[in-house]
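Trainee: Sequences are here, hints too, so could you generate the full structure?
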Amino acid sequence: MISNPELELHPAKIIQLNKQREDKIKFFKAVLLDIFFVFYSILVLQRAIYYKFILQLKDIPFSWGEIGVIFIFSVMLGTIWAFTKTSLSCKLFGVAKENKTTKWTVEIFGWFLFNITFIAGWIITRLSIVDLFSSEGIRGAERIFGSLFRPEMGIFDDSLFAMIETIYIALLATLISIPPTLLLSFVTARNLMKDNKFTFAIYYVLRIILNFVRSIEPLIWAIIFSVWVGIGPFAGMTALLVHTIASNAKLYSEAIENIETGPVEAISATGANKIQIVWYAVVPQIVLPFLSFTIYRWDINVRMATIIGLVGGGGIGTMLMQYQGLARWHEVGLIVLMVAFVVWVMDYISAKIREAIY
Amino acid sequence: MMILKVKNLHKIYKNGTHALKGITFDVKEGEFLVIIGLSGSGKSTLLRCINRLIEPTAGSVYFLDKDITHVKGEELRKVKTQIGMVFQQFNLINRRSVLTNVISGKLGQLGTFSSVFEKFPQSLYDEAYKSLETVGIKEKVDERADSLSGGQQQRVAIARSLMQNPKLLLADEPVASLDPATSNSVMQYFEKINKDFGTTVICNLHFLSLVRKYATRVIALKAGEIIYQGLPSEINETWFKTIYGEEAEEVEIR
Ligand SMILES: Nc1ncnc2c1ncn2[C@@H]1O[C@H](COP(=O)(O)OP(=O)(O)O)[C@@H](O)[C@H]1O
Ligand SMILES: [Mg+2]
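Respectively, the protein sequence lines represent chains A and B.
Position one of the first sequence corresponds to residue 1 (my numbering), numbered consecutively onward.
Position one of the second sequence corresponds to residue 1001 (my numbering), numbered consecutively onward.
Heads up, a few of these hints could be off.
To be verified - Quick list of the computed label-pair ranges, beta carbon to beta carbon:
| no. | chain 1 | residue 1 | chain 2 | residue 2 | range |
| --- | --- | --- | --- | --- | --- |
| 1 | A | Leu-206 | B | Glu-1191 | 47 to 53 Å |
| 2 | B | Glu-1075 | A | Leu-206 | 26 to 32 Å |
| 3 | A | Trp-228 | B | Glu-1075 | 48 to 54 Å |
| 4 | B | Tyr-1125 | A | Ala-12 | 52 to 58 Å |
Unchecked claim - Below, a sample of chain A positions facing chain B; criterion: calculated Cβ distance under 8 Å:
| no. | residue |
| --- | --- |
| 5 | Asn-18 |
| 6 | Lys-19 |
| 7 | Phe-73 |
| 8 | Ile-178 |
| 9 | Asn-258 |
| 10 | Gly-262 |
| 11 | Glu-265 |
| 12 | Ala-266 |
| 13 | Ser-268 |
| 14 | Ala-269 |
| 15 | Gly-271 |
| 16 | Ala-272 |
| 17 | Ile-275 |
| 18 | Ala-281 |
| 19 | Pro-284 |
Keep in mind the hints are simulated off the structure, nothing from the lab.
Every residue gets a Cβ at the ideal spot worked out from N, C-alpha and C, and that includes glycine.
Mentor: This is how it looks when you write it as structure tokens:
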């Protein structure tokens, strides 16, 4: 009746095998990271610090061949380094030998990485205190700030309409985003998808796509859509919509991942199926966070819609850009004040609504 | 007849914890089996392996003479509908009404469509009221679950599991977060279900006085192994110290 041979496992053996497999994966990651560290250090040292800072070159020589050589060298050095098990990455992934060498490597190399990154950053952004306080710069700033406080009221009606357009762009993008976001958030919640190979594959692919979409700023989406559907409010709305879906799907799915597991366990113990479990044990726990995220997103979208207008997404931003191009600072002043006021009001309203529903 | 047979059950968690180390025992139909042991001895793990909320690593579980250790999908859901479970933290759906919570015990036997749109036949509501009556809180039916006291919530949870008409009822420290008086009254409902409906009960408990009062048989776990099996009356001072450690002292709860 009993004795399925597969069940006659040695528990101690299982523990040991699990640990070995995990360590192998960790070590593999450590090798990759070490290669990256070496590659990064050489590139920064060579390009930012040597070419730019020491040789003061205007045009930095570039060739794929050179990068390739550096890369191959990094692969070798990084791999050797990781195999000594005293490297920074080995320490980070917890597979390093615990000895003095490791301790020293981690400290020295950690400091080294931090410093070259900071120096490279300084060089690349050309940090210059001088520009900030040059008399010409200060005069420019005075002109703009001065105009802000003497706004041109003649364009009040026009800019009000443009502002309303912006608010509606934001509202519509937020509303339309809700159904697709809901759908996506459930299929990108790890706890709901991980049990089955097929659903896990869906989860994985969708997560990658969403991360990609989210990592592209709404401003860039607006540029893409203004080419695709033509300049105007529709391009702006679509850009916001795409970004809203990707961002909120992540927030929603995290809310799903952080629900209390007790009710889920209880409902699944009754023999309920997946959909019933989600409907009875998951949904009631996430309705409020979802509402709150969505309202907050409307608020964010109003701000973003303003910016998006700058690249032809319609609304107040487009108007702002036109006056700025003509250097009509008093008109710009009015628009900026109006934007500031509306953003402030939206911020206040959305905070109040979110407070009320909790 | 044996309702449950557990044979050489092992559970090793992903992090390497060996929580069950070869557990073997049988449960007769109609028994009130109590499992005792210190925190971390593996009581919850054992119950969860029985109704497959978690997967045992090795060994087998027979429910009504059928090997359920490896059943999957629909078949597993069928098995789960016959085994009720009550938890220490009640695990009700806080924002929903008592009625909805009770009805959710029946989900395994309801269609997906009707349960999502909450289109239930009158007979189901009648059954829910009856379950609530059994645990004596029919009057709370329309209240939100999280507005009830701990003892009331646990009774709703019992009513929920009654909706399954379970052959076997698992209870994981059902009174551990309740005060002594409430604990006793909640335990009485388990006793009632066991006596009146003939439902077999397996219950994890902490207090020996409750064990003596309700159990027909006791199993003691220590570090994932069974170290005692027998009648509650046979647990003497020596056994007590073996199970709970030299330092322990018995606390009465009535
Ligand atoms: N999900 C889990 N992952 C890893 N270890 C766990 C998990 N759940 C329980 N354990 C461990 O298994 C052992 C038994 O736990 P448990 O079954 O909860 O004991 P009890 O219910 O008797 O207090 C403990 O050492 C606990 O830390
Ligand atoms: Mg427990």
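Trainee: The hint names Ala-266 (chain A) as touching chain B; please verify it with the least Cβ-Cβ distance against 8 Å.
Mentor: holds (4 Å)
Trainee: Holds or violated: the hint that Ile-178 (chain A) contacts chain B, with Cβ atoms closer than 8 Å.
Mentor: violated (19 Å)
Trainee: With chain B as the partner, please determine if Lys-19 (chain A) meets the hint condition of a C-beta pair closer than 8 Å.
Mentor: Holds. Min distance 7 Å.
Trainee: Does the hinted range 47 to 53 Å hold for Leu-206 (chain A) and Glu-1191 (chain B) at CB?
Mentor: At 50 Å between Cβs, range holds.
Trainee: Should the hint that Glu-265 (chain A) touches chain B count as held when the rule is a Cβ pair under 8 Å?
Mentor: holds (6 Å)
Trainee: The hint names Ser-268 (chain A) as touching chain B; please verify it with the least Cβ-Cβ distance against 8 Å.
Mentor: It holds, given that the least Cβ distance between Ser-268 (chain A) and chain B is near 7 Å, below 8 Å.
Trainee: Against the range 48 to 54 Å, how does the distance between the Cβ atoms of Trp-228 (chain A) and Glu-1075 (chain B) compare: consistent or not?
Mentor: holds (51 Å)
Trainee: That 52 to 58 Å hint for Tyr-1125 (chain B) and Ala-12 (chain A) (C-beta), does it hold up?
Mentor: holds (53 Å)
Trainee: Would the hint on Phe-73 (chain A) stand, with a C-beta cut-off of 8 Å toward chain B?
Mentor: Status violated, d = 39 Å.
Trainee: Close enough to count: is the Cβ of Pro-284 (chain A) nearer than 8 Å to one in chain B?
Mentor: holds (5 Å)
Trainee: Would the stated hint for Asn-18 (chain A) survive a check requiring a Cβ distance to chain B of less than 8 Å?
Mentor: Check passed: Cβ of Asn-18 (chain A) comes within 7 Å of chain B, closer than 8 Å.
Trainee: Does the closest beta carbon of chain B sit nearer than 8 Å to the beta carbon of Ala-272 (chain A)?
Mentor: At about 4 Å, which falls below the 8 Å cut-off, the nearest Cβ of chain B leaves the hint on Ala-272 (chain A) intact, so it holds.
When held up to the earlier numbered hints, the structure conflicts with 7, 8 and 9 and fits the remainder.
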